[in-house]
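A.B. asks: Going line by line, the protein sequences match chains B, R, P, D, S and G. Under full-length UniProt numbering, the letters of the first sequence match residues 1 to 315, in that order. Under full-length UniProt numbering, the letters of the second sequence match residues 1 to 315, in that order. Under full-length UniProt numbering, the letters of the third sequence match residues 1 to 315, in that order. Under full-length UniProt numbering, the letters of the fourth sequence match residues 1 to 315, in that order. Under full-length UniProt numbering, the letters of the fifth sequence match residues 1 to 315, in that order. Under full-length UniProt numbering, the letters of the sixth sequence match residues 1 to 315, in that order.
Certain hints may be false.
Note that identical chains are pooled: a pair holds if it fits in a single copy or bridges any two copies.
Distance condition first, Cα-Cα at most 20 Å in a straight line; then the derived EDC-like pairs of lysine to aspartate or glutamate [as the list claims (entries may be wrong)]:
1. Lys160 x Asp101
2. Lys219 x Asp196
3. Lys160 x Asp10
4. Lys155 x Asp196
5. Lys155 x Asp10
6. Lys155 x Asp101
7. Lys155 x Glu173
8. Lys155 x Asp33
9. Lys155 x Asp202
If you are wondering where the hints come from, they were derived from the structure by calculation, not from laboratory data.
6 protein chains.
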Amino acid sequence: MNVLPVNSLDTPRFCGVPTFMRLPQATSLHGLDAAVIGLPSDSGAPFRTGARFGPNAVRAMSVMLRPINPYRGNINVFEKLACADVGDASVVPGYEVESLDRIEESVAALVTAGIVPFGIGGDHSITLAELRAVAARHGPLALVHFDSHSDTWDKYFGGKAYSAGTPFRRAVEEGIVTPGQSIQIGLRGSLFQATDISQSLDLGYDVVTTDEIFDIGFKALADRIAARTAGRPVFLTFDMDFVDPAAAPAVQTPEAGGPSARETLQILRLLHGLDLVGCDVVEANPLYDGPGQITALLAATVLAELMALLASVRG
Amino acid sequence: MNVLPVNSLDTPRFCGVPTFMRLPQATSLHGLDAAVIGLPSDSGAPFRTGARFGPNAVRAMSVMLRPINPYRGNINVFEKLACADVGDASVVPGYEVESLDRIEESVAALVTAGIVPFGIGGDHSITLAELRAVAARHGPLALVHFDSHSDTWDKYFGGKAYSAGTPFRRAVEEGIVTPGQSIQIGLRGSLFQATDISQSLDLGYDVVTTDEIFDIGFKALADRIAARTAGRPVFLTFDMDFVDPAAAPAVQTPEAGGPSARETLQILRLLHGLDLVGCDVVEANPLYDGPGQITALLAATVLAELMALLASVRG
Amino acid sequence: MNVLPVNSLDTPRFCGVPTFMRLPQATSLHGLDAAVIGLPSDSGAPFRTGARFGPNAVRAMSVMLRPINPYRGNINVFEKLACADVGDASVVPGYEVESLDRIEESVAALVTAGIVPFGIGGDHSITLAELRAVAARHGPLALVHFDSHSDTWDKYFGGKAYSAGTPFRRAVEEGIVTPGQSIQIGLRGSLFQATDISQSLDLGYDVVTTDEIFDIGFKALADRIAARTAGRPVFLTFDMDFVDPAAAPAVQTPEAGGPSARETLQILRLLHGLDLVGCDVVEANPLYDGPGQITALLAATVLAELMALLASVRG
Amino acid sequence: MNVLPVNSLDTPRFCGVPTFMRLPQATSLHGLDAAVIGLPSDSGAPFRTGARFGPNAVRAMSVMLRPINPYRGNINVFEKLACADVGDASVVPGYEVESLDRIEESVAALVTAGIVPFGIGGDHSITLAELRAVAARHGPLALVHFDSHSDTWDKYFGGKAYSAGTPFRRAVEEGIVTPGQSIQIGLRGSLFQATDISQSLDLGYDVVTTDEIFDIGFKALADRIAARTAGRPVFLTFDMDFVDPAAAPAVQTPEAGGPSARETLQILRLLHGLDLVGCDVVEANPLYDGPGQITALLAATVLAELMALLASVRG
Amino acid sequence: MNVLPVNSLDTPRFCGVPTFMRLPQATSLHGLDAAVIGLPSDSGAPFRTGARFGPNAVRAMSVMLRPINPYRGNINVFEKLACADVGDASVVPGYEVESLDRIEESVAALVTAGIVPFGIGGDHSITLAELRAVAARHGPLALVHFDSHSDTWDKYFGGKAYSAGTPFRRAVEEGIVTPGQSIQIGLRGSLFQATDISQSLDLGYDVVTTDEIFDIGFKALADRIAARTAGRPVFLTFDMDFVDPAAAPAVQTPEAGGPSARETLQILRLLHGLDLVGCDVVEANPLYDGPGQITALLAATVLAELMALLASVRG
Amino acid sequence: MNVLPVNSLDTPRFCGVPTFMRLPQATSLHGLDAAVIGLPSDSGAPFRTGARFGPNAVRAMSVMLRPINPYRGNINVFEKLACADVGDASVVPGYEVESLDRIEESVAALVTAGIVPFGIGGDHSITLAELRAVAARHGPLALVHFDSHSDTWDKYFGGKAYSAGTPFRRAVEEGIVTPGQSIQIGLRGSLFQATDISQSLDLGYDVVTTDEIFDIGFKALADRIAARTAGRPVFLTFDMDFVDPAAAPAVQTPEAGGPSARETLQILRLLHGLDLVGCDVVEANPLYDGPGQITALLAATVLAELMALLASVRG
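Using the sequences and the hints, build the whole thing.
C.D. replies: Right under this line is the structure:
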């Protein structure tokens, strides 16, 4: 089944209810290779809330994108991959644990059908639910984690274990991520405790700070990611606050001093050798974007590059 | 066929790609009584442009609305009427005449199937296309026209006959509206020529200015509309600039000094005795709404009240 | 203890960290008659989130207000009442039940000290926590509830009992509100079920819809409220969506067609004979206000009018 | 000399650098009856600043307005009055006294040439400079003052005599306004001191609060203004905060609970019998308007109505 | 004739109706070397519309700029070049072909008078009209085209030949551009068809993608442009979407991953050896800029750098 | 006295009235090493005004920051330095000279108590007042000045000596800065006069343009600053327009083409060897920030880095 998106040379991009890249809305999961799914929960957000509106904001800007990726040999992503937009998981706003359960269930339905999920958050706590669903099929995962924060705290407000600040400690504890084959990229900024970064290392993750990205270079970074994750199914999670607030102002916890959009896309286009079984882009919050909606556009572009990465492997 | 909208007590309103009032997206026209259709053309706009984004903005706020209308006997609109969202007509941006042709064609498909169209503009020029499609089936129509401007100019820039300033002169000339059974409501503000209002009277329309609405009262206005249109199929067109800019800032040509949202809805809820065969709400432009999107919400509410009007008659 | 606010004729209003009406920040509860407390939880919000930023937004606009109220005999509110801003309750974002517990605890500390709490929300679910704290001291309360929605649903998403849609059913069940001496004012708009309004009547509340407010007149409404609540301690809760979105765009679930700001303040200024033991203003969300922040200003004004009401009784 | 504005039926309103109502920019004062002049000073603003951008914001929205006024007998204002836009007075930002001097000088140039000035502020302190210039030719003036505040304080921050809070005390002291033939309309809201209103009465002004406007009715108000000012040249000053923040959010010191735009324009259209020798509209600040720029549109409309008032008298 | 702009050390920049860099508005074309002209058409825009408001937005921010350019030997541009702002071409909104005709006519008037036009768009389709006017005098032109898209499509919606997606194919077909001496710089992002870039090469253009700009370096790029265009009159067109959306969010079709503002200006300041006979900056749309209006500022700066380029050659 | 900020892992950052980095509000100056003070004057602003709201905007975003700085050896700044937020100096809006006096007085109170002031502007004219207060104790200061403009003009509008364009000429004239040990960094863009930069050199300052920053490299720049200022107490002033408008749109006089946020922070983190006795960050104006408030966040981050610089020296 190869269903192509609406052709934006025939029908203006503003026509019709926007799905991701104008893909068809799935009425069945049958025959799909990959599916975009909205995961509109922000119950895990300790600061700015509103990422529940992220999936539709990203969809609205994604109509700008075109199906052919020149950075991976001019492949037409949707000729390589049967893709669809499957809508959103339901959630229970204000109930973090129940929301994660619902998200896990929705993602599991995709994974069970052999579909690679491309999630749109939502705050970063949702990734734990995705990891649970994906690991249930593929076993412990290699995590490739772009973010300016490690999100490996133990507890958050009220001693709660589940929040946008804790998923990647929980994932290790639950055995659904193999930290020794996982890597966190982009950490920067001031810290709560002197152990903010070492706590990730202690969990077994490899860590590359923003400064180190520029020290070692993008090509070496891509190679390090490939080497780190070799031989294991990969889940790639991309927190929009990896990028500098100039290019991604609309995030929960912006951290000044990150890579530009051009640098970010260069890194993603250099990624190679990943056995991608799931991915997401999280923390885009349209309430904090200006009228240009550049965060949503960049989030959509990031997801499209990850689709191209999968398509290039599958082709 | 009675397909109900997504239940917003079960699934949060922010989940899923938004259709009008969370109605199903039609995959077939079979069995529908009424259909919401986006008409995203702003090529007729002489001032502010961007109403091409109106349909999706109105849909996004319409998820707030609920199916039961307490102003017409607590009817569940969607139990009375089989409704769906049929997406948008395609248009040719920058080509006014061709855009009207495409809109006419899309609306005609609905009307031919016996469906009452509920259009979301787009600028006001699109109403001419709708009138052509509806009159083709129902004959010359009684027009009920809410607007702060008459839109009965002869020519606009470049001597062009088709623009948001001219549709209701064209409609009389084309014989698709019966001005003697039609009425324009809400005219106000400064004029280009001393004949701005008399030109509508000369065409045969009845005219009620904003001041007269308050002089005669809302009940008398509703009766006058009913009397004026009696015995003829009615097309109701609602330009959002009928309302004061405080309640509807996001329009092409705002005119200070109009009715409030409460007054506007009161008038619509008093309408009676209309043989409604089509209607639209036009000129909502999200680029000029603040973050609260109150113009889009009011436009959605207006359309929902018109659906309830139809449902109360059909019931 | 009569501590006066910063004098805005001496020090510009933009100087200094803004507290409510530039009141002192309390370092002790001793000697206070009334206290403003922020209750920044939005975990109960089924639609738009972000009311966690409401308390500070309302404070920022409240610096515009002056201490003397000409509608109640030119009283200087802060000479009649020893007031302070006590900061915010802590909350657990994403954990509705725990957040309510913390809010209850913070409000209880005030009530126990004999202080009348003036809460700033937060979403409307927080009122349940306040009612618990206030009723613990004063017994079952007469509720005066301004809102365009009844918030008397039984369950919300995921079958959850606690949300912004349910507090006033819970309050009856918990015996902390006496519905026979309580009243809901301002209901309007489309309904989920035909019983949306009757369910409040079934619980024992008196209900005045928006249409009825204008039918009976503001003076009669104030008298009806006084008669309904006579002889019982009153908690007054004011949801900003009572007001039309033109004057209060920045709310969670705006409902087109409400009273204007002038009408709203007229009603509040006519209130009399209430034994006010607590009150709040909720659902102001600065993310949805335009740069003029008119919702926050109106919310601050509403709270100041309620302070004047208390001061006029206490004087 | 009767120079007509650009015809907006020939040339789109967005074409060309916007002058007030698309009037010609004056290259000479010769032959003009009335002139629009920007007075872009906000050095008198005690709270929100930015009204320096007011004149151009009002001009930008004024292109919406048309030359014929149906509320005063369908007169074409610009056939009755030779009008032009003379640009802006220069000012010295951060130097209140010097800015007033420059404004006085610019307005005096108009008045000396027999031209009625229509000023666009700027904060309200600028009116003192205009009054000085106009009274220098016409003698002590009858002031018609629409505002939610009296602006009759004695001193402001730092004991300074000149600020947006003091001009109408200074004007009495300087003998350029005759308070016994002057009137302040629209006062409302909380007060700094119990004498906030009585201090205006003590100075000799008549005062009509917002509540009283609605008590006595608009027709009676217009008659009272006419009677009060009879026989003396009138300067009319309109502070945009007279209007409710829903319709005029973008002002320095918004005061919730004012008249709507429709009510405001009704009052202005009923004014009669005034010997208008100067007027202004002040305190519109585009930084606080939303994208719809409704405050600027209303300010432009107010000024256009005042032009029609003058034209109707001169005709 | 050397008329200097208003001196921003004497008169604040916010005073007066803004022309480009506060230049005089031309009342005659006599003696001018260069003229800024607004070309406010957006009828060619396939996605975001509103660039009709671009010229005045760019003018408003251009008042920030000063006359001396330190990157080209501290020349005072306006002592070298007699410049003026000649206002806007008229257009026919919604009628693409007629709008191009009017723009061509207005630009031709300048070119015929020996004036170098500096156009401010408007969408990119307007450049075709400028090229027609300029080539009519100077013969086929060398095009230097900064853009993230090639705009060399054959047809767009409805099979229409004229749109913002097609001008640089039309220009080749019409023989007004010499592709063998022309160059497109900055292409990037996803593609509609695998031939998106090769179609430009097939037409004869040289193409430098965004990636290649950084591979070869800015100095080499400037040399390549000089070599490519040597010996032929040059028209330089600058689409604001060349720049990354972080620095230019307010464009019709933003493309994530472009050069920064600093990099962009560095490239422009290195340009040399061009026989510049016309240029424009297009696609700035203030509706999508935030309150900082950084896209408009950058567009103004780009145009000012091009003026300095011309001045440095002419001097 | 080592008072720590509110712990953002215990209490959500949105709880409570925001002070800088959630530091305690000082009730006494006793025992403090450093203090954050708001200096909310914009009376010196020649273009965009509103920086009076800068201090509270910077505070609101500063709650994102954490106490430990990994770029200077993981020091906990607030364990090294006893810090507090001492609120704002009072000012006299519209009276530049008086405002400077009040600011000087407030800063002097800190300096006299041995406290290093960390000022938040306000427009850049306020730095003169700070320099006066600091030099009164420490003698003539070495100025480290980050800015895209030199601010060394002699006079501004109306021949006034005090404005945001003149402080660093005044400071030399007053003998409170030693230009031979001072340095201006970041100048760029178009000039009023060919002497714009040489006038700084003539005064004795060292100057590094934006282009030169990148030519010599960040490490060499930091060394040059250290060498220049060696042996003298340093006041560091940071104008937010040093940064490119993409990363800092909300400034008075944005100048396209500056360093990114990442580059800016890299430079600050390389600073060393400075005997810091005072510093400020100025010209952040929230009215021009989008909803993401990235300028305010970056301003807060800059100030936090300067605190870390001081802490690293003091430790």
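A.B. asks: All hints are to be evaluated individually against the structure, with a verdict given for each.
C.D. replies: Consistency of the hints with the structure:
{"no.": "1", "hint": "Lys160 x Asp101", "result": "both (16 Å within a copy, 14 Å between copies)"}
{"no.": "2", "hint": "Lys219 x Asp196", "result": "neither (27 Å within a copy, 27 Å between copies)"}
{"no.": "3", "hint": "Lys160 x Asp10", "result": "between (51 Å within a copy, 11 Å between copies)"}
{"no.": "4", "hint": "Lys155 x Asp196", "result": "within (13 Å within a copy, 40 Å between copies)"}
{"no.": "5", "hint": "Lys155 x Asp10", "result": "between (52 Å within a copy, 10 Å between copies)"}
{"no.": "6", "hint": "Lys155 x Asp101", "result": "both (19 Å within a copy, 19 Å between copies)"}
{"no.": "7", "hint": "Lys155 x Glu173", "result": "within (13 Å within a copy, 34 Å between copies)"}
{"no.": "8", "hint": "Lys155 x Asp33", "result": "neither (37 Å within a copy, 33 Å between copies)"}
{"no.": "9", "hint": "Lys155 x Asp202", "result": "within (16 Å within a copy, 44 Å between copies)"}
Violated hints, listed in ascending order, are 2, 8; each of the other numbered hints is respected by the structure.
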